[in-house]
Amino acid sequence: MVTCKILSVVFFSAALMVLSIRKATAVTFSDAPLFQDVASYTTTITANNDLADIYYPNPSNLKTSNYSFPVALLLQGSNIDKSNYSNYANLVARYGFVVVVPNHLRTMPQTGMIGLLPEPSQINAVLSQMKADSESPTSPVSGIVDTQKLGLLGHSAGGYAGLAAIANACLPFFCEDSFNRPPELKAGVFFGSFLRNLSTQEFVPINNSGIPVALLHGTLDSINTIETAKLTYEQIQDSPKLFVTIDGANHYGITNINDPSKSGFEKNTPTIAQDVATETIARWSGLFLRASILGDKSAFDYVYFTGDVKDTNVSVTKQIKPIPEAPLTLGVMLISTWSVLSRLKKSRLKKKLSTRKYLCFKRLVAVLPYGTLL
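Per the numbering used here, the very first residue in the sequence shown carries number 13; after that it's consecutive.
No lab work stands behind these hints, which were simulated from the structure alone. One or more hints might be untrue.
Claimed, not checked - With a cut-off of at most 20 Å between alpha-carbon atoms, the simulated EDC-like pairs for lysine to aspartate or glutamate come out as follows:
| no. | residue 1 | residue 2 |
| --- | --- | --- |
| 1 | K198 | D313 |
| 2 | K161 | E196 |
| 3 | K333 | D313 |
| 4 | K253 | D308 |
| 5 | K322 | D287 |
| 6 | K242 | D320 |
| 7 | K322 | D259 |
| 8 | K253 | E196 |
| 9 | K333 | D320 |
| 10 | K330 | D43 |
| 11 | K75 | E147 |
Could you put the whole structure together from the sequences, leaning on the hints where they help?
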């Protein structure tokens with residue numbers, strides 16, 4: 013009869029196999045962008061007349077290979093011009109995305125103020141524009157855009173609007189009529205943001221319906237504090253979700269320069285170099301979108317398992333679903349093990365296996381889920 017000791021060896025061999033696969037991935041995977049060259053153009057979003065800068069990968073074989081890049085819409089912070097996100101947008105585009113950065117000028121009915129301020133309605137407007145650009149033979153991105161896959165990026169107020177969109181919520185000051193989340197929306201990653209009803213000051217439950225969400229935040233952000241970001245993270249209802257803090261970054265780590273709007277609201281001076289902060293935020297943004305939208309297993313492994321060890325500037329909190337598509341050999345081993353347990357359960361029912369031994373097998377099987385084993 014198979015003993016508990018023998019089966020222990022089998023189980024821990026399976027565990028070592030998974031760990032060795034993860035180590036091999038960590039050694040071979042590079043977190044560097046996939047593309048070295050990026051091109052850009054400026055267009056007008058027809059639906060709302062927003063002027064937008066569009067960044068896209070530009071390899072030498074762009075028009076001769078079958079590239080299909082998802083759209084990543086960057087929603088700007090309040091009164092921060094789109095040009096101030098050029099470094100960040102360029103870096104994210106190099107991870108394989110068409111990054112759209114609009115200037116959205118709004119008049120606030122509640123206050124009468126006029127300024128740059130994002131809103132969820134931009135999402136459908138940009139999707140329509142990118143579909144038109146992708147189908148136009150004269151467009152720089154003709155035939156290279158996957159308009160069925162959209163990721164959201166956002167800074168500050170842009171993150172607020174993006175989180176509201178993922179929550180499918182129309183909130184005061186950020187949504188004038190109504191909003192319906194489009195099926196193309198697959199993931200969102202936001203820096204320096206939170207989601208609270210500005211009328212009631214209550215944190216809003218984010219019913220993300222399984223859409224992966226990442227919150228990135230500087231430890232020195234004095235405008236939207238890290239505590240409010242953590243409270244927002246707790247409101248994200250479904251996994252996977254990620255919370256990444258960037259040590260020494262303030263509210264403007266994502267922009268080309270510190271405090272480009274000259275608001276003076278940020279009281280803390282960053283202790284991390286601006287280009288390092290921007291690269292860090294862009295890398296985690298790009299890899300999170302690759303893991304969430306494209307099913308990139310190496311990117312998934314980086315953002316949820318190995319990246320915080322490799323990147324000394326960040327700390328990571330996570331909640332994930334089981335790792336997709338376990339290796340075939342391990343899968344066969346797990347299925348075989350469950351088959352053994354099933355037979356043993358039947359044997360136990362026939363009093364051919366002692367309760368003590370059955371419980372031993374049951375405990376071993378209980379460590380099989382990836383989250384426990386790894």
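Hint by hint, work out which the structure violates, then give me just those numbers in ascending order.
Those not satisfied: there are none.
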